[in-house]
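Protein chains: 2
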Amino acid sequence: MYIVCAREGGRINGQLSNTVFQVASEPPIVSVCINRKNVTHGMIERSGRFSVSVLDITAPFTLISLFGFRHGGQIDKFAGTPYQSSPGGLPIVTVSTNAFIEAKVTGSVEAVTHTVFLGKVTDMGSLGQERSMTYDHYRTVLKGLTPKDAPTYTPAGSMR
Amino acid sequence: MYIVCAREGGRINGQLSNTVFQVASEPPIVSVCINRKNVTHGMIERSGRFSVSVLDITAPFTLISLFGFRHGGQIDKFAGTPYQSSPGGLPIVTVSTNAFIEAKVTGSVEAVTHTVFLGKVTDMGSLGQERSMTYDHYRTVLKGLTPKDAPTYTPAGSMR
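From first to last, the protein sequence lines are chains A and R. Note that my numbering has the first sequence beginning at 147, numbered continuously upward. Note that my numbering has the second sequence beginning at 147, numbered continuously upward.
For identical chains, the list gives no copy identity; a pair is met inside one copy or between any two copies.
Mimicking DMTMM-like on lysine to aspartate or glutamate, the simulated pairs with C-alpha atoms at most 25 Å apart in a straight line are:
id, residue 1, residue 2
1, Lys-183, Glu-172
2, Lys-266, Glu-172
3, Lys-250, Glu-172
4, Lys-250, Asp-222
5, Lys-294, Glu-256
6, Lys-289, Asp-202
7, Lys-289, Glu-172
8, Lys-294, Asp-222
These are computed hints drawn from the structure, not numbers from a lab.
Based on the sequences and whatever the hints tell you, model everything.
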């Protein structure tokens with residue numbers, strides 16, 4: 147489970163994601179899959195950059211809910227969230243996370259409702275020692291639901 | 147852990163993958179990340195279709211090794227492997243797998259050494275009840291290495 151963030155001018159935003167992957171190692175390239183309706187989508191598209199904060203298993207449901215079920219157009223998700231800036235100026239969530247990645251977009255491909263952005267890793271680092279939170283942990287231990295804008299959403303909320 | 151397969155004319159081939167993801171749900175779209183040097187890459191590129199067989203935790207190392215560490219240009223990986231054809235004629239591995247997906251390529255994006263192919267799901271089905279094999283299980287329980295052509299390969303073979 148991840149929080150994907152972007153900066154556009156003075157504005158920062160971020161959103162929960164279960165769809166962040168390494169797609170090449172030389173050079174390191176990661177992909178993120180973002181719903182076209184989300185605020186973060188346009189910010190990544192226009193700024194050409196994104197960051198990924200890796201959630202650990204201590205992440206409380208309040209944090210997950212804030213970034214996963216609230217819309218960045220309505221609230222400032224970072225108003226009460228501890229964060230720091232990556233070397234490139236992108237927000238990195240520093241609570242209940244164990245690592246971050248900063249990336250520059252190198253390509254993208256449309257998936258009807260979503261866009262898969264590829265980004266070359268420009269910086270990365272460790273933020274803690276706790277184990278990463280898997281989607282399986284989120285669904286089976288935290289009994290978390292899947293947001294309507296997620297790539298894996300189903301109306302019944304069933305695991306998929 | 148997955149086996150991604152393709153058919154081109156009368157030829158079939160497949161390869162191990164740890165990089166198969168759902169990227170949209172309406173319509174269902176999956177992505178696979180394939181090394182440009184692999185036989186399966188060209189076959190997907192030219193045929194515009196691929197299948198995914200989902201490995202379960204009973205998958206023996208011999209099967210993983212055959213599809214993950216042997217080159218389709220040198221051997222017929224299906225010579226001794228039980229498989230069936232999907233409705234669209236793509237090979238589906240039927241041993242130690244619990245599900246399959248058949249997809250039609252709708253887009254792709256380059257990642258230097260790899261290509262991320264997106265495919266609209268054209269068919270899918272269950273093949274068994276065993277739990278899926280995760281990459282974590284492969285690395286920590288089976289002590290499996292990462293093939294040199296994998297998106298997550300590192301020279302030291304360390305988890306990444």
